[in-house]
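> If you read the sequences in order, they're chains V and Y. Under my numbering, the first sequence has 65 at position 65, and the numbering climbs by one with no breaks. Adding 1000 to a residue's 1-based position in the second sequence gives its number in my numbering.
Hint data in this document are derived by calculation from the structure and do not stem from the laboratory. Please note: incorrect hints may appear among the correct ones.
What the hints assert, rightly or not - These stretches of chain V come out as covered by chain Y in the derived footprint (C-beta under 8 Å, 3 or more residues): (1) 56–68; (2) 108–114.
Stated by the list, open to error - Computed Cβ-Cβ distance ranges for the label pairs, DEER-style: (3) V:His48 <-> Y:Thr1265: 31 to 39 Å; (4) V:Gly135 <-> Y:Glu1042: 52 to 60 Å; (5) Y:Val1365 <-> V:His44: 19 to 27 Å; (6) Y:Ala1035 <-> V:Arg157: 18 to 26 Å; (7) Y:Pro1263 <-> V:Glu112: 54 to 62 Å; (8) V:Ala51 <-> Y:Pro1263: 13 to 21 Å; (9) Y:Arg1044 <-> V:Gly135: 23 to 31 Å; (10) V:Arg104 <-> Y:Ala1048: 18 to 26 Å; (11) V:His44 <-> Y:Arg1110: 47 to 55 Å; (12) Y:Asp1005 <-> V:Arg157: 20 to 28 Å; (13) V:His132 <-> Y:Glu1276: 24 to 32 Å.
As the list claims (entries may be wrong) - Partial selection, computed: residues in chain V whose CB lies under 8 Å from chain Y: (14) Phe13; (15) Val17; (16) Tyr21; (17) Ala27; (18) His48; (19) Arg50; (20) Leu94; (21) Arg104; (22) Gly139; (23) Leu145; (24) Ser146; (25) Val153; (26) Ser158; (27) Arg159; (28) Thr162.
Ideal placement from N, C-alpha and C gives every residue a C-beta, glycine not left out.
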Amino acid sequence: MPTDWSAIYRTTFPDLVRFLYRKVWEADRAQDLAQEVFVRALDHDPEHPRAWLFTVAANLARDEARSAIRQRRHLALIKTERPAPLVPPPDEELEQREQHEAVRAALGDLGERDREVLLLWDAGFDYDEIAHQTGLARGAIGTTLSRARKRLVEAYRSREGTDAALG
Amino acid sequence: MPHLDDGHIAELIDSAGAAGGTDRAVAAHLRECAACRERVEEARALAAEARRILARAVPSGRAASVVPPFDEVLVRAGHAAPRRRRGVPWRGLAWAATVVMAVGVGWYARGELLGPTGSLREAGDAVAPMARLERTGDDRAPSSLDTLPAAAAGRSSVAATPAPARALASEPTARVDRDEAAAPGGTRGAVVPAESALVPPRQERQPAAAEAPRPAPAPQREERARLQTENEVADRRVVGLVAPQAAKAGAADQVAVAFRWQPVTTTEATRLLGREPLVVRAYPVLDVSVLGDADSVVRVRQASGDSTVLELLQWRDVAPTTRAREAGPEADRGRDARALPPFIGNEARATVGGLRVVARAALDVDSLRVLLAGLR
């Protein structure tokens, strides 16, 4: 029976965008990459669509991060002083941006493997699927996830405390 | 049973526990061990807090609230996949062919390429003016041009077409320019008899050859300039021909058809088709027109990015008649046998929502099929 990609797209796309957003931290880019993942899926027609989609998404995000690093290095060489925006962003937007930065920093405190397991767990994958995706032993997922959650919360709280002290 | 480790506790709170036996053992231990119960509660709170933190980092704006239509993915797949699969630059070739054809038509219209047309015919030389560009040394011109009559002739072989038909097929555009120059406001855009339209009387054409390169009289130049502008801006006057079956049946003098696209409103197109015209939703519509003959074909042109124009030719799908059904699938294919203006590029056909649809663009066939599959 052929895969109903339209239905998979409807149900998986938001999760995929969220997953990618926490890797590239740019909404439009995350959506664009998510569509690219589906484009490739149509070409490959994988047997296990959801797992395949997130694997390819992770790979695309990794490639994206590498190219971003290269681009940043390049830009650093030709960087010029950019004028500050004349109109400050509204409070709500500012707060949201700060929250995103806080989560991003907290996730950055995690090791790559812990972060990957945590994001897959948040995307709704069960332990077997996480093990399959990451290559970890099934029995190691619980321990890894437990550690990742703990570090995330600690790092986030620590940052909140620092901000409050500075505040 | 020893105390539960972090891994067991994590599995427990994530409801991803192992076999039932283990679950029973864990449950029994938890009933007896207050320390483990406390750790489970802590882990559960930690997991909930982790989820809350992650939930603060979701994309905002359009990316958060809108799932783009799946058609966008289909469209992207239609463009991207072929590039990965093949290295053949179809689009580049199509553009090259277009440029070569435009140059050829321009030369022909100026009367510099063609000598006495009658002598060409007498010699049985079916080489079209544009085909003469082969002699200019452009390697790609012959192969690109060779595809034009084939496409125009419903992909039949040019060599298999009788010589008169080949000659006609290879110079349709020039023919009409000449006719219009000779008789402005005459038969342009209408179905014209082959003798008058395709092979003008020799006595009318010999002076033109003798006087080349004389400039056209002012009214003719104006008319030509007007028509050229029309072509470039609105492509309202696409001229072509072809009906290979008719040509093979010896009816070559009956196959010439002057095509003319006439702009119509969407309402009018809807009336002709009996439903709204089919479009690729992600592409902006450039124009809607109808082929000016009784058997209406609606054309929707859409911009598909990268300067590529997608044509969707569509007409009502008519169920085969009883006789056609009895005659078998060969006769049923007659439903598709429409004489359509020539096109440089590829095409794919499908029946969608009661309409026969031909998608044509400078894309490969796989891409066109994907686009057809995504039509709404």
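> Under the constraints set out in the numbered hints, which ones does this structure not fulfil?
Structure breaks hints 1, 2, 3, 4, 8, 13, 18, 19, 20, 26, 27 and 28.
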